[in-house]
Amino acid sequence: MQVRAVAKFVKCKPLMVRQVARELRGKPAQQMVDVLRFKPGRGAFVLRKVIASAMANAQENHAMDPRQLIIAEIKVDEGPAMKRIIARAMGRANRILKRTAHITVVVADDFPTEERSRGEGKAKPRPKLAVPAGKKKAAPKAAAAVAEEVKEEVTEEVVETPVEAEVTTETEVTAETPTNDAGEEAPETK
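Those letters in the sequence shown? Residues 0 to 189, by my numbering.
Source of the hints: derived by calculation from the structure; they are not laboratory data.
There may be inaccurate statements among the hints.
Claimed, not checked - Using 30 Å as the maximum straight-line C-alpha spacing, the simulated DSS-like pairs for lysine-lysine come out as follows:
| # | residue 1 | residue 2 |
| --- | --- | --- |
| 1 | K26 | K48 |
| 2 | K82 | K97 |
| 3 | K48 | K82 |
| 4 | K74 | K38 |
| 5 | K48 | K74 |
| 6 | K38 | K7 |
| 7 | K74 | K7 |
| 8 | K7 | K97 |
| 9 | K7 | K26 |
| 10 | K74 | K10 |
| 11 | K48 | K38 |
| 12 | K48 | K10 |
| 13 | K48 | K97 |
| 14 | K7 | K48 |
| 15 | K10 | K26 |
| 16 | K12 | K74 |
| 17 | K97 | K38 |
To be verified - Each pair of labels, with its calculated beta carbon distance range:
| # | residue 1 | residue 2 | range |
| --- | --- | --- | --- |
| 18 | P131 | E159 | 51 to 59 Å |
| 19 | R125 | E77 | 33 to 41 Å |
| 20 | P79 | R36 | 27 to 35 Å |
| 21 | I95 | R24 | 29 to 37 Å |
| 22 | E77 | F37 | 25 to 33 Å |
| 23 | Q58 | T103 | 14 to 22 Å |
| 24 | V34 | A62 | 20 to 28 Å |
| 25 | E22 | R87 | 32 to 40 Å |
| 26 | R125 | K38 | 43 to 51 Å |
| 27 | Q67 | K127 | 47 to 55 Å |
| 28 | Q58 | G90 | 53 to 61 Å |
| 29 | E72 | P131 | 44 to 52 Å |
| 30 | A80 | V34 | 25 to 33 Å |
| 31 | N60 | R83 | 34 to 42 Å |
Using N, Cα and C, we set each Cβ at its ideal position, and we do this for glycine too.
Make the full structure from the sequences, and use the hints.
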């Protein structure tokens, strides 16, 4: 059996409560109340009160043992945000949102057992997308052409070309006539 408690318009940011609530799902309620007692932050304080309220509802209304309860579900929704302004330099003002949260805690005396037997239903086939008729037939032809090209053997013929040995004779430069870079005779300096 499931019992719930709701706290609305809690003056605490939903993000701060969600950070704490993420750690508590599926754990024993009494143990989590004890843990939250020593956890800092307004989110932990408010969440502890809501869990304790859900445990009290289960004990009073349904005669359930609070030590056997497990946190089945925690929902943290956003409530209305109060809009305030803060003065800034040069006559400007920035808006501040004072956020509120709606917290719902569901405790249960056991875990909900929803077991699905495997292989019960048949898997749905994937939908086939429509392909234009011209493109559908071109793909097998291209694949066949590639397969034929691969099957052909490549034979390489090695052709050797004779290397002609060019013999160049260097002309000797005589030191008798000095030349400049252009090949002209350099003027004599005395």
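Checked hints:
1. K26 <-> K48: 16 Å, holds
2. K82 <-> K97: 6 Å, holds
3. K48 <-> K82: 27 Å, holds
4. K74 <-> K38: Cα-Cα ~19 Å, so holds.
5. K48 <-> K74: 15 Å, holds
6. K38 <-> K7: 22 Å, holds
7. K74 <-> K7: Distance ~12 Å between K74 and K7 Cα, so the pair holds.
8. K7 <-> K97: 15 Å, holds
9. K7 <-> K26: 23 Å, holds
10. K74 <-> K10: Holds, at about 16 Å.
11. K48 <-> K38: 13 Å, holds
12. K48 <-> K10: Cα-Cα ~14 Å, so holds.
13. K48 <-> K97: Between K48 and K97 the Cα gap is close to 21 Å, so the pair holds against 30 Å.
14. K7 <-> K48: At roughly 12 Å apart (the allowed maximum being 30 Å), K48 and K7 satisfy the hint.
15. K10 <-> K26: 26 Å, holds
16. K12 <-> K74: 13 Å, holds
17. K97 <-> K38: Given pair K97, K38 holds - Cα atoms ~23 Å apart, limit 30 Å.
18. P131 <-> E159: 51 to 59 Å: Between P131 and E159, where Cβ atoms are some 54 Å apart, the hint holds.
19. R125 <-> E77: 33 to 41 Å: 39 Å, holds
20. P79 <-> R36: 27 to 35 Å: 29 Å, holds
21. I95 <-> R24: 29 to 37 Å: With a Cβ separation near 31 Å, I95 and R24 satisfy 29 to 37 Å, so the hint holds.
22. E77 <-> F37: 25 to 33 Å: 27 Å, holds
23. Q58 <-> T103: 14 to 22 Å: 19 Å, holds
24. V34 <-> A62: 20 to 28 Å: Given range 20 to 28 Å: holds, Cβ gap about 26 Å.
25. E22 <-> R87: 32 to 40 Å: About 38 Å separates the Cβ atoms of E22 and R87, which means 32 to 40 Å holds.
26. R125 <-> K38: 43 to 51 Å: Distance hint for R125, K38 holds at roughly 48 Å.
27. Q67 <-> K127: 47 to 55 Å: 53 Å, holds
28. Q58 <-> G90: 53 to 61 Å: 58 Å, holds
29. E72 <-> P131: 44 to 52 Å: Holds: the Cβ-Cβ distance is about 50 Å, inside 44 to 52 Å.
30. A80 <-> V34: 25 to 33 Å: For V34 against A80, whose Cβ atoms are near 30 Å apart, the range 25 to 33 Å holds.
31. N60 <-> R83: 34 to 42 Å: Holds, at about 39 Å.
In this structure, none of the earlier numbered hints is contradicted; all agree with it.
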